[in-house]
Amino acid sequence: MSISHYIKTIGRGKEGAKALSKEQANDLLSQILLGQCSDLEVGAFCLAMRIKGETANEVAGFLEAIQQQSQLLSVVNQHLTTPALQETTQTSTQKSAIVVLPSYNGARKQALLTPLLAFLLARQGITVLIHGHNTEATRVTSEQILQAMGHPTLLTSHTLTAGEVHYRDLSSFCPGLARLLEVRKVVGLRNSAHSLVKMMNPFAENAWVVSSYTHPEYLISMTEAFQYTQQTAFLMRGTEGEPVADARRTPAIDVFNKGEVKRIQEAQTGTLLTLPQLPTAIDATTTAEFIQAVLKGEIATPKSIEIQVEKIVQEVRSEHELSLAD
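Heads up, the sequence shown is in this note's numbering, so the first residue is 1 and it goes up one at a time.
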């Protein structure tokens, strides 16, 4: 097998390159994920797509390939008390809603509060998966913060307990995609995998992906892709590329469902009069202590993250009740 004919199509520069069909994109990435391509071919693919940019149907094909080549996760132990997702507090035999937090960028200048978002959502009876893969040795990761909190992270089981926070390294369920991320260490540039990990659903069932972008052009391309794939997802400008609201200012948040998009939160504008209490440093231990203090009620939850949790729960609850009615 070879992907040279695909490289010939996508590798003719920004003006001369042509888009692949969904089926072609699926076949191309499937071969890469299965390790059927040479390092030279993989590098050529990464650089060609970096120059050309992904179309919505290419992203759909890539995401389909990831689903097909991953060991998909599932949720067990679904007899839960979930007052946030139902009208009563009686024990429910209904499935817990699933929220996915892709955490790949880590902390560079601001403390990483993705784990705080995860635990606040889990308190509402939601099953939360944080997935990541450390490709940035100089940044603090969600995995390191969870370890500092005493939360287990070195797990490879593909079944998750409902209503809890879980962490899985990408290599444990899609090693081919983890290898593609690591190409950056060699060529020094991001590739398609860095966007795909923020959009993928690693579950065999429906899940809500909380996705984020860093540059405005990605808002356009990711919006088109989520509409095309009809995923259930949230999209906002993340904190240093992480799926958690900036603790200092509430970002705009869009929600996607069945190909439709709506804005559920407008961006906070104007001058900030006050700042929330935040960690004094970005290292894992300091951040973990801050998160634990917030969860104990000793420190107030930053308002922007409080709003993000509220908006996610509202949308998940609405869809959860509709699916049960069906």
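Keep in mind the hints are simulated off the structure, nothing from the lab.
Treat the hints loosely; a few may be bogus.
Straight-line distance between alpha carbons at most 20 Å, and here's what the computed DMTMM-like set of lysine to aspartate or glutamate pairs gives [said to hold, decoys possible]:
no.	residue 1	residue 2
1	Lys258	Asp246
2	Lys185	Glu319
3	Lys14	Glu41
4	Lys185	Asp169
5	Lys262	Glu182
6	Lys258	Glu306
7	Lys303	Glu224
8	Lys258	Glu315
9	Lys311	Glu266
10	Lys262	Glu310
11	Lys262	Asp169
12	Lys8	Asp27
For each hint, the structure was consulted:
no. : hint            : result
1   : Lys258 - Asp246 : violated (27 Å)
2   : Lys185 - Glu319 : violated (40 Å)
3   : Lys14 - Glu41   : holds (19 Å)
4   : Lys185 - Asp169 : holds (18 Å)
5   : Lys262 - Glu182 : violated (34 Å)
6   : Lys258 - Glu306 : violated (26 Å)
7   : Lys303 - Glu224 : violated (30 Å)
8   : Lys258 - Glu315 : holds (13 Å)
9   : Lys311 - Glu266 : holds (11 Å)
10  : Lys262 - Glu310 : holds (16 Å)
11  : Lys262 - Asp169 : violated (31 Å)
12  : Lys8 - Asp27    : holds (15 Å)
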